[in-house]
Amino acid sequence: MKFLPRIFTRWTFWAVVAGVLIVYAALGFWLVPRLVRSQLVTTITQDFKREALVGEIKFNPFTFVLEVRDFSILDTDKRPMLQFKGLRAISS
Numbered sequence: 129m130k131f132l133p134r135i136f137t138r139w140t141f142w143a144v145v146a147g148v149l150i151v152y153a154a155l156g157f158w159l160v161p162r163l164v165r166s167q168l169v170t171t172i173t174q175d176f177k178r179e180a181l182v183g184e185i186k187f188n189p190f191t192f193v194l195e196v197r198d199f200s201i202l203d204t205d206k207r208p209m210l211q212f213k214g215l216r217a218i219s220s
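To convert a position in the sequence shown, counted from 1, into the working numbering, add 128.
Everything labelled a hint here was simulated from the structure, so no lab data went into it. All of these numbers come straight from a predicted model, not from anything done at the bench. Virtual Cβ for every residue (Gly too), placed ideally from N, Cα, C. Treat the hints with care, since some could be wrong.
To be verified - DSS-like cross-link-like pairs, simulated, lysine-lysine; straight-line CA separation at most 25 angstroms:
1) Lys206 / Lys177
2) Lys213 / Lys177
3) Lys186 / Lys213
Stated by the list, open to error - Label-pair distances were calculated between CB atoms; the ranges are:
4) Lys213 / Gly147: 17 to 23 angstroms
5) Gly183 / Thr137: 44 to 50 angstroms
6) Lys213 / Asn188: 16 to 22 angstroms
7) Phe192 / Arg134: 15 to 21 angstroms
8) Phe190 / Leu210: 15 to 21 angstroms
9) Lys213 / Glu179: 47 to 53 angstroms
10) Glu179 / Ser219: 25 to 31 angstroms
11) Val144 / Leu215: 33 to 39 angstroms
Go ahead and model the full structure; you've got the sequences and the hints to work with.
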């Protein structure tokens, strides 16, 4: 393989690439949904003085798709003022 630079033939290079990819995936699948949930609930509570209920939040860091399920903002009498079963945001 004389056409490739020497760095691409070393196992340490590929180990670093795999490690970066694993960290990126872990942060995307695990950390982003938790941050979205905390920021969403905190912002709605502080800005609108309403309680927000959020079901499941999923984020795919490779396709940049965010899914929110069972979301509702409760009115002062604890009835849903705004709600939806599912929201899918696709970034391209």
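These are the hints, each one checked on the structure:
1. A hinted pair counts as satisfied when its Cα atoms are at most 25 angstroms apart, and Lys206 with Lys177 qualifies at roughly 12 angstroms.
2. Distance check on the hinted pair: Lys213 and Lys177 sit about 22 angstroms apart at the alpha-carbon level, within 25 angstroms; holds.
3. Our distance criterion of 25 angstroms between C-alpha atoms is met by Lys186 and Lys213, whose separation comes to about 14 angstroms.
4. With their beta carbons about 38 angstroms apart, Lys213 and Gly147 fall outside the hinted range of 17 to 23 angstroms.
5. Distance hint check for Gly183 and Thr137: the Cβ-Cβ separation is about 48 angstroms, which falls inside the suggested range of 44 to 50 angstroms.
6. Between Lys213 and Asn188 the C-beta distance comes to about 19 angstroms, which sits within the given range of 16 to 22 angstroms.
7. Taking the beta carbon of each, Phe192 and Arg134 are about 34 angstroms apart, not inside 15 to 21 angstroms as hinted.
8. The given range of 15 to 21 angstroms is broken by Phe190 and Leu210, whose C-beta atoms sit roughly 30 angstroms from each other.
9. Range check, Lys213 to Glu179: about 18 angstroms between beta-carbon atoms, so the 47 to 53 angstroms window is missed.
10. Hint check: Glu179 to Ser219, Cβ distance near 28 angstroms, so the stated range 25 to 31 angstroms holds.
11. Checking the proposed 33 to 39 angstroms range against Val144 and Leu215 shows it holds: the Cβ atoms sit about 37 angstroms from each other.
Comparing the model with each earlier hint shows violations of hints 4, 7, 8 and 9; every other hint is respected.
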